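Asks: Please model the complete structure; the sequences and the hints are all you need to start from.
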Amino acid sequence: MRFLFSMALLAFSLAYTGFALYSLDLFDRADRLGPGFFPAIVGVLLIATTAANGIREYRRQREAGTALRALWRDVAEVTGLIALFLVLLPYAGSLLTIFAFTGLYLYRFNRGRGWFNAVYAVAFSAAVYLLFEVVLQAGLPQGVLAPLY
Amino acid sequence: MEDLFANLASGLALALSLENLVFLVVGVCVGMLVGLFPGFGPAAGIAILIPMTLGLEPTTGIILLAGIYYGAMYGGTITSILINTPGESATVASTLDGYPMTQAGRAGPALVMQAVASFVGGAVGVVLICAFAPALSSFAASFGPSEYFLIVFLGLLLLATLMGDSLLKGIISALFGFAISTVGVDVISGAQRFTFGSPELIDGIYFVPVAIGLFGIGELLNCIYTGEHKKAAKRISVTIFSRAFWPRAGDFRISRFTFARGSLIGFIAGVLPGSGATIGSILAYSVEKRVARDPGEFGKGDIRGLVAPEAANNAASAGAMVPLISLGIPGSGATAVLLGALLMWGLQPGPMLIVDNPDFVWGLIGSMYLGNLMLVVMSVVAIPLFIKFLDVPYRLVVPVIVTLCIVGTFALHSSMIETWILLATGLLGFGMKRFGYSPAATVLAVVLGGMAENAFLQSLLIGDGSLRIFITRPISLALTAVVAAIFAAAALVRLRALRR
Numbered sequence: 002m003r004f005l006f007s008m009a010l011l012a013f014s015l016a017y018t019g020f021a022l023y024s025l026d027l028f029d030r031a032d033r034l035g036p037g038f039f040p041a042i043v044g045v046l047l048i049a050t051t052a053a054n055g056i057r058e059y060r061r062q063r064e065a066g067t068a069l070r071a072l073w074r075d076v077a078e079v080t081g082l083i084a085l086f087l088v089l090l091p092y093a094g095s096l097l098t099i100f101a102f103t104g105l106y107l108y109r110f111n112r113g114r115g116w117f118n119a120v121y122a123v124a125f126s127a128a129v130y131l132l133f134e135v136v137l138q139a140g141l142p143q144g145v146l147a148p149l150y
Numbered sequence: 035m036e037d038l039f040a041n042l043a044s045g046l047a048l049a050l051s052l053e054n055l056v057f058l059v060v061g062v063c064v065g066m067l068v069g070l071f072p073g074f075g076p077a078a079g080i081a082i083l084i085p086m087t088l089g090l091e092p093t094t095g096i097i098l099l100a101g102i103y104y105g106a107m108y109g110g111t112i113t114s115i116l117i118n119t120p121g122e123s124a125t126v127a128s129t130l131d132g133y134p135m136t137q138a139g140r141a142g143p144a145l146v147m148q149a150v151a152s153f154v155g156g157a158v159g160v161v162l163i164c165a166f167a168p169a170l171s172s173f174a175a176s177f178g179p180s181e182y183f184l185i186v187f188l189g190l191l192l193l194a195t196l197m198g199d200s201l202l203k204g205i206i207s208a209l210f211g212f213a214i215s216t217v218g219v220d221v222i223s224g225a226q227r228f229t230f231g232s233p234e235l236i237d238g239i240y241f242v243p244v245a246i247g248l249f250g251i252g253e254l255l256n257c258i259y260t261g262e263h264k265k266a267a268k269r270i271s272v273t274i275f276s277r278a279f280w281p282r283a284g285d286f287r288i289s290r291f292t293f294a295r296g297s298l299i300g301f302i303a304g305v306l307p308g309s310g311a312t313i314g315s316i317l318a319y320s321v322e323k324r325v326a327r328d329p330g331e332f333g334k335g336d337i338r339g340l341v342a343p344e345a346a347n348n349a350a351s352a353g354a355m356v357p358l359i360s361l362g363i364p365g366s367g368a369t370a371v372l373l374g375a376l377l378m379w380g381l382q383p384g385p386m387l388i389v390d391n392p393d394f395v396w397g398l399i400g401s402m403y404l405g406n407l408m409l410v411v412m413s414v415v416a417i418p419l420f421i422k423f424l425d426v427p428y429r430l431v432v433p434v435i436v437t438l439c440i441v442g443t444f445a446l447h448s449s450m451i452e453t454w455i456l457l458a459t460g461l462l463g464f465g466m467k468r469f470g471y472s473p474a475a476t477v478l479a480v481v482l483g484g485m486a487e488n489a490f491l492q493s494l495l496i497g498d499g500s501l502r503i504f505i506t507r508p509i510s511l512a513l514t515a516v517v518a519a520i521f522a523a524a525a526l527v528r529l530r531a532l533r534r
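Quick note, the sequences are listed as chains A and B, same order.
Heads up: the first sequence is residues 2 to 150, going by the numbering used here.
Heads up: the second sequence is residues 35 to 534, going by the numbering used here.
Think of the hints as simulated: they come from the structure by calculation, not from any bench.
Just so you know, these numbers come straight off a predicted model, no measurement behind them.
Every residue gets a Cβ at the ideal spot worked out from N, C-alpha and C, and that includes glycine.
It cannot be assumed that every hint is accurate.
Computed footprint of chain B on chain A; a stretch qualifies when at least three of its residues, placed anywhere within it, have a C-beta under 8 Å from a C-beta of chain B [as the list claims (entries may be wrong)]: (1) 44 to 57; (2) 85 to 95; (3) 125 to 137; (4) 143 to 149.
The following residues of chain A were derived to be distant from chain B, with all beta-carbon distances above 10 Å [stated by the list, open to error]: (5) 12; (6) 22; (7) 33; (8) 35; (9) 36; (10) 115; (11) 116.
Replies: Okay, here's the thing in structure tokens:
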């Protein structure tokens, strides 16, 4: 996983630098420093350092062997729930989304306490709504509940 | 000197206004709670709560955020002492003797002495800010673009060197920050860069979602990975009404010089860009052990081994404010987030901040005096109450953190793109934390990237395209020499390691 992460960084560096060199001018028409000059320097340094780092991580991985941990699954599930939160937010609105996220999360990670989880999800989403919408007037998405506001 | 006292008095008066006092109390309480949660440092706490300061006056906002900053230092130590789990990297050194004291049945004296040491460190730090920040501001007024670029570069280099697994990973972290900062309109040519036609990216990627993602979501995913959400709550009870809760006179006597040494070392470490409270506390512990006549007692519950890092990490928190206030250059992840908040409120940190906005700067300094005083009282009297929060299992805190991160980010500009940036940088921050990179260097580079680019390009324009400008001006030459020395030292260390 360590090596894969370093490769992802290298891939980003290549994409960033390629895009910078392709779409931005290093110098303008008057031969002054252009909008692509600084990104090009950053990009070239990124490629050099992430490539060197990738080689180092590859050697390290070969020496240490790979060891996947069971909790990667939990990390993936929480990340998925956060992504679901973001997908739902504009359509379902903040109140329903926070309720759904909290309920689903607790259903998965706080098993066997149904009533507590339900009360927690309702109370928490209501508290966030009161704080951000009523007190701070943050303008959170209303989603399907918009006609009720 | 008279000016100094007059400014300080006006700052204290400002901090004592009812509104500021209320937000100071809220800040230090939230900071203590943030510090109690494992892995959640002041940077994460400040980043998550920045959106809530949008409607506040800048002085009130900074008082709230600074309260969280040093409150987290106090809170982080409580878990270090009681359950051997530092709430924050700057309190790691406090576990070395703090936890053995708890095991020996001296948790009460350890908690009280850490509060006193933190207060002394914080108070000494604030006195030294008063002495150094205005002087450094006057000195920095003569800085040109080349000096500014080199100071930013030096700060990032020090951060890269001291944090993370290696210098290489630190540099990669900083370069990623620079890459993120190049998104948006180029201020010199007006050309759009990496916006992919999205109007929401024309102003660039805002630092708050990046900071909340890297520190907030990244830390949260790391805690999930390490199984914090599966651990049972820790039930601990402490009562202040027992005689055993209070330290003995001998505890103060044996550590009377430790307070001063720790505070001074911490402050110096805090002032150096990139160094900060973690390095300061470890350095103070090492020095204390070295000067002690009985170093063998350290690690077994010696009170000096707790007082030194505690005084140091709070003095360092104050010290880190000096480059922030006087140069506009943060020295750590937490002060980088604070710098971003200043920019958000329309203030321009740098040498002129103290001249143009004296109320703001002196109000902040005044609030730091009051905050430290408040924290020492709360750390002693309210400790049993704060310890109650350790009864809440981490798995029940996760929805609160996630919701605050997302809702807080959305509330900034009502932008869904920023919430997706939050998730992307959260995953990046998790990987960085897991594999030894430095999220703090990334945030610092995001915040300072625009300034660094402008300073670099201006330097080249002034120097007719030649890099010689970085060695022809005396201050630039000195800074370039320091940068070269750091690279040479890193190369030497690597060479020695290869030979072995």
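Asks: A separate judgement is required for each hint: does it hold in the structure or not?
Replies: Structure-based check of all given hints:
1. Coverage of a stretch by a chain is defined here by at least three residues with a beta carbon nearer than 8 Å to that chain's beta carbons; for the segment 44 to 57 of chain A and chain B the count is 8, and the condition holds.
2. For the segment 85 to 95 of chain A, the assignment as covered by chain B holds, since 5 residues bring a beta-carbon within under 8 Å of that chain's beta-carbons and 3 suffice.
3. Three residues within the 8 Å Cβ limit are the bar, and the segment 125 to 137 of chain A against chain B gives 4, so the coverage statement holds.
4. Using a Cβ-Cβ cut-off of 8 Å, 0 residues of the segment 143 to 149 of chain A lie near chain B, which falls short of the minimum of three, so the contact claim is violated.
5. The non-interface label for residue 12 of chain A is consistent with chain B: the shortest C-beta to C-beta separation is roughly 13 Å, beyond 10 Å.
6. Distance check on residue 22 of chain A: its Cβ is at least 12 Å (rounded) from any Cβ of chain B, clearing the 10 Å threshold; non-interface status holds.
7. With 10 Å as the threshold on Cβ separation, the claim that residue 33 of chain A sits away from chain B is violated: the shortest Cβ distance comes to roughly 8 Å.
8. For residue 35 of chain A, the non-interface assignment is contradicted: its Cβ lies about 6 Å from the closest Cβ of chain B, within the 10 Å cut-off.
9. For residue 36 of chain A, the non-interface assignment is contradicted: its Cβ lies about 4 Å from the closest Cβ of chain B, within the 10 Å cut-off.
10. With a cut of 10 Å on Cβ distances, residue 115 of chain A stays outside the contact zone with chain B, its closest approach being about 15 Å.
11. Its beta-carbon lying about 14 Å from the closest one in chain B, residue 116 of chain A satisfies the requirement of being farther than 10 Å from that chain.
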